[in-house]
Amino acid sequence: MKGSLATSTVLHVLVLGFALSSFSAPRTLEVADVEALPVSIVPIEEITQMQQGDKTAPLAEIAAPIPTARPDPVADAENAGDNTVDLKSSKSAKPSPQEVVSEAPPKPAEKPVPVPEPAPKAPEPPQAAEAEPAPAPEKPAEPAPAPEEVAALPPESAPDPVAEAITEAEPAKPDFAALPSVGPVPQARPEPPKETAKAPAKPTAATETAKAPAKPAAAAETASTKDSDFNADEVAALLNKQDAKGGGAKRSTETASLGASRTTRGNTLSQSEMDALRGQIQRNWNIIPGMADGGDVRVTVTMKLDPSGNIVGQPDVVATGGSEGVRRTLSGSARRAVLKSQPYQLPQEKYDSWAEVVVNFDPSQMF
Amino acid sequence: MEQVGLAATSEVTLWSLFMQAGFVVKLVMLGLIGASIWTWAIVADKWVSFAKFRRQLDQFEQVFWSGQSLEELYRTLSDRKSSGMSAIFVSAMREWKKSFERGAKSPIGLQMRIDKAMDVTLAREADALEARLGSLATIGSAAPFIGLFGTVVGIMTSFQAIAGSKSTNLAVVAPGIAEALLATAIGLLAAIPAVIAYNKFSADAGKLSARMEGFTDEFSGILSRQIDERLSARPAAE
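These protein sequences, in sequence, are chains A and B. Mapping of the first sequence onto this note's numbering: residues 1 to 367, in sequence order. Mapping of the second sequence onto this note's numbering: residues 1 to 238, in sequence order.
Be a bit skeptical, because a hint or two may be false.
As the list claims (entries may be wrong) - Computed spacing ranges between beta-carbons, pair by pair:
1) PHE159/B - SER353/A: 50 to 56 Å
2) LYS55/A - SER167/B: 41 to 47 Å
3) ALA19/A - VAL152/B: 34 to 40 Å
Said to hold, decoys possible - 30 Å max Cα-Cα, derived DSS-like pairs, lysine-lysine:
4) LYS55/A - LYS350/A
5) LYS81/B - LYS2/A
6) LYS2/A - LYS200/B
7) LYS207/B - LYS2/A
Since the hints were derived computationally from the structure, they do not count as laboratory data. C-beta: ideal position from N, C-alpha, C; glycine also.
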């Protein structure tokens, strides 16, 4: 045994010696350097929540557009610039007949009042007020001379108070008549009667009479009368097909800072606003307590709101879970709650986010 | 283990791996190398002794069945130190002689005594054949676990060192793990030959024991016949 032990030891020493001498460090593994790909997470708030400013200006603490030269502020101006009138972008510059009509009527309402006083020779207008349909046919006959007078007189000064009255009454009409010529005419008609309830005869009479003769005079009259000042701007705004960005009337004295052309608040309702909406609906939500298996029902109401907070059309009510009867009862109560809660008090500038609202009713906490 | 960080730049030879290892791992490695030496020593010893044993058996059988007188054979074999079948033969003959010199009366008692003597000798011889095979079995089964223990301890300490160095670079981690794995390698290196050798030598020992048992039975039969002949001859003579 001793001999074999010695043999084994010698053998091991030999093997280990050979291993230690021959098995040197293995060749180093060559690893190619791989460049890491940088990934950054960009929050979307940079796009959805912007402050008004200048796109090329450096970032500053206080958001401000490019300083404007004129310091006098214009109320409710949105676009920064040196204009006296806040010019909207091309979207609002598109002529809409309704807008024009709504602004024109106030003038006739004021003007016609003086007309009856200085005009003694017109006994029929009062009658016209009594019976509108009747005077109408008469009027065309009488006005017939008036156009002649108007056509003749304008170049000279107005000698006749009647003619003056007619011409004065007309100016409102001319542009009233002239502008609708661009858009649909019928829309202009319904407005005057509503506004001038006291003396509707005059305007109506005047319009009818003026329609034919007024047109030639319109160009000359609009320039001279003071109402035309307003209209010129309006027309200028309408004719301005350029983007009004930077041409508004909002004043700025701060140094320009990085920002968008207008402030975007993003589309998120704040927590308190959501709580307010929830509370508003919850106050009007009455459910019968003790309803069996009512806790399993979930009601989802989808409704479209207009900017004033009223529901457009019918809210879409979907109820799931529970039995048929309970579902019908609860979906009815949810619909009533939603309808009773209008108008919703929500921030006007975030209308985009609450144009469509989905309300989830969970009655399980109510029983 | 503080040098783990430095090991990244140093050589990763077997010797440096061994020297970098911690105390416990070193101890495990040395123990396993010792076990390996012991295994191979047993293997060499058994190899030689089994070959010798087999040769002796062959020789004895040749002589025994050659028709030589048992007395004569006993006389030549009793002088020298014998093993295997010759040892069994000698013990049986010795018992036979003692009984007949004192004039044993009972053939059954004599037969029993001779059988007992042969059994004892057979057991002793079989023991000698299987000696140290147990340690081979132990090394074969335990060495991998001992090596694994060394590896676990080595990796544990090397991770502790990595935590200390505050770097997860593979160059820092690798040497410690390589050094720890060396323990398992040595464990396997000791265990694999041990298992193979154990299987081979235990089978060989079984075969040799069976051969000796066969001879024992045969010799017992021969002696029993002899006893019957002698005892039947004696009363006839008296």
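- Earlier hints that do not hold, by number: Violated hint: only 3; rest satisfied.
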